[in-house]
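*Asks:* Heads up: the protein sequence lines correspond to chains Y and L, in order.
Per the working numbering, the very first residue in the first sequence carries number 1; after that it's consecutive.
Per the working numbering, the very first residue in the second sequence carries number 1; after that it's consecutive.
Hints are computed from structural coordinates only; laboratory data are not their basis.
All clues given are correct.
You can't tell identical chains apart in this list, so a pair holds if it fits in one copy or across any two.
Straight line, CA to CA, 25 Å or less: simulated DSS-like cross-link-like pairs of lysine-lysine:
1) K94 x K18
2) K11 x K94
3) K24 x K11
2 protein chains.
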Amino acid sequence: MFGDISGMMGKLQEAQQKVEETKKRLDTVLIDETIAGGNVKVTVTANREVKAITIDESLLEDKEELEDYLILALNKALKRAGEINEQELAIAAKSGMPNIPGMDMFK
Amino acid sequence: MFGDISGMMGKLQEAQQKVEETKKRLDTVLIDETIAGGNVKVTVTANREVKAITIDESLLEDKEELEDYLILALNKALKRAGEINEQELAIAAKSGMPNIPGMDMFK
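In isolation and in its complexed conformation, chain Y is listed as follows (with noise of 0.2 Å):
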């Protein structure tokens, strides 16, 4: 099932490599979320770096309001970030890995 010792040290250190490349490629790839109508909109990179972060000049009169419209617009791309971060370093990190049925490391 794993053939040769060298040739599975080769998969895996490929498999390396393209997990550092997409990691790279994830910067590169950007998640917008806009809510309250509008009035707040942020920007993360699928590594879940914050990009920007635009406030509607009317929200500055509401701290509170602000701070929970932000926590909410902060997750929802946060979350989606993680999803396609995962979803792509899975696929990256399985080209190296022998196919057992069952066991999914990855999922």
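For this one, chain Y is given, so just place chain L on it according to the hints.
*Replies:* Chain L alone, transformed into the frame defined by chain Y:
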């Protein structure tokens, strides 16, 4: 090196369970980041969920400055959260992996 297949499968399933348990525990690990002399404070979990954002009234007068501070504080907190998350999940995942010298998929 892998002993019998069923032993290995058992170890992998154990590791998968550890990963799930770790993910749940990381929801309770909170990371605070305070910047701008205490005017912006954010709290995130080690699963990168934003739990709290506290903005000082004084910052509501300068929208751009507020937006910049929020991005800075959030990225600092999310970076630390990501480091804790990856370290802890790597430990959990490694518990099921054969120890192949030089081959660290979860670096």
